[in-house]
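Novice: Residue numbers (the working numbering), protein chains in the order written: chain A, 1 to 175; chain B, 1001 to 1225.
Because the hints were derived from the structure by calculation, they are not lab data. Please note that a few of the clues may not be correct.
What the hints assert, rightly or not - Label pairs and their in silico Cβ distance ranges:
id, chain 1, residue 1, chain 2, residue 2, range
1, A, Cys106, B, Lys1124, 42 to 50 Å
2, A, Gln50, B, Glu1091, 32 to 40 Å
3, B, Gln1135, A, Gln134, 23 to 31 Å
4, A, Lys20, B, Ser1197, 43 to 51 Å
5, A, Asn155, B, Glu1162, 24 to 32 Å
6, B, Ser1197, A, Gln50, 48 to 56 Å
7, B, Cys1207, A, Glu76, 31 to 39 Å
8, A, Glu153, B, Leu1078, 19 to 27 Å
9, B, Asn1089, A, Glu47, 27 to 35 Å
C-beta: ideal position from N, C-alpha, C; glycine also.
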Amino acid sequence: MYYVRKLTKPFNFNKIQSTKSIEDIDSDVIKQELSTKENTLSFWKCENLQEITDTIKAIILSTSEISKSKFIIIDEEIIKEHQLEVNESAGKTGYKGFENLHIDICNLTYKKLGMILKTYKKVFEDVDRTHELQKDEIKDLIIEVIQHDLLDEDNLNDSLKKDILKLAEKNGLAI
Amino acid sequence: MNKGIYKDILENSNNEEILEFRKTSSTDEKLNNAFHINTSKIGEPKNSTSPRLKIQDITTNNRLDLLKERDSLVLEKLMKEKIRLFNYNTELYQEQLVSCLEKYDYSSESLFVSEEKIQEIINKYGFEALSRILQDICISKYDKKNILCAICQCLERFDLEEVHPWGATLILSILTNKDENVKAYAIACIDNWADESLLPVLKNIECSSDWLKEYVENVISILEV
């Protein structure tokens, strides 16, 4: 099992990767990448890496815009190693039928957040544990979802919905 | 009636009808010139109606000229008023957009109001007005990092063709800001546009931080593929 999360800013990958110690990472990076709500951090799971496309589609359709995206993929073993609590909870995504891919890492503390940040730094050294998609590739994935009639408009962020409507119109697709 | 002008005609004309003529200073010269033109029509007494037609032509033409002049003055006034209103409204929108952009705290949620305001400007005045407003904001708020970053974030939502050519120029100006986080946002915008015509820009960015150099190199390597 793997847990996937999209980076808020692709260049934060470079900031985290190039820093010698996580203690020197800008606090804005922590705010942007590890922003918690009720002490929880959202991830999306994926049973195996061959099925990662569905997880990525679920993530893309839970965000607020169509933009170039970088994803971090964390092995379940690392989560267990740090004794981080995982709670299965349906997520809000416009990818119909894949809401159950969402999980929360919960009851986070300053210490646990630090562990996650260290994990990020370690994982970023492994090319196979990051996945990057260009804006056009994101659009192609969304078009696929539309063509398979799996778009759930009601669960789309308003801002993303506008982008998708524009994309659909441009490609002659009906939503 | 000024018989001096009509003397020759009246003496030679069999037409007893007297043409009533109101002499004004503006028509005087034109009329004088008309009656002194040496044409066969005016010279022939039998064609006594031709002076009358000439006067009518002149007064009609003159009236038309005056109307045209009045219309062009009205049009000019309307255009000036339209431009004045446009300038007033774009200044108003500029103020409103600045107050939205100031709210940006580097989170997606805080960008929403700016995006809405930008869409409002586009719907009302088009991309040209938006370009003017954003350029003015960029210059006046060049020391406000969060505003510049917000502008980059908003711009990357559009395709490059939609904001061509001013979009790339605006990003180029933001790239000259000394703050490397601001540069990163500008580069992220170029990254999203993914247009190889911007490669020369990327290859000439000055960076001191290792992370930013690596980021630029990543973006260049993808565009060069």
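Novice: Now tell me, hint by hint, if it's right for this structure.
Specialist: Against the structure, the hints:
no.: 1; hint: A:Cys106 with B:Lys1124: 42 to 50 Å; result: holds, 45 Å
no.: 2; hint: A:Gln50 with B:Glu1091: 32 to 40 Å; result: violated, 56 Å
no.: 3; hint: B:Gln1135 with A:Gln134: 23 to 31 Å; result: holds, 28 Å
no.: 4; hint: A:Lys20 with B:Ser1197: 43 to 51 Å; result: violated, 37 Å
no.: 5; hint: A:Asn155 with B:Glu1162: 24 to 32 Å; result: holds, 27 Å
no.: 6; hint: B:Ser1197 with A:Gln50: 48 to 56 Å; result: violated, 37 Å
no.: 7; hint: B:Cys1207 with A:Glu76: 31 to 39 Å; result: holds, 37 Å
no.: 8; hint: A:Glu153 with B:Leu1078: 19 to 27 Å; result: violated, 45 Å
no.: 9; hint: B:Asn1089 with A:Glu47: 27 to 35 Å; result: violated, 55 Å
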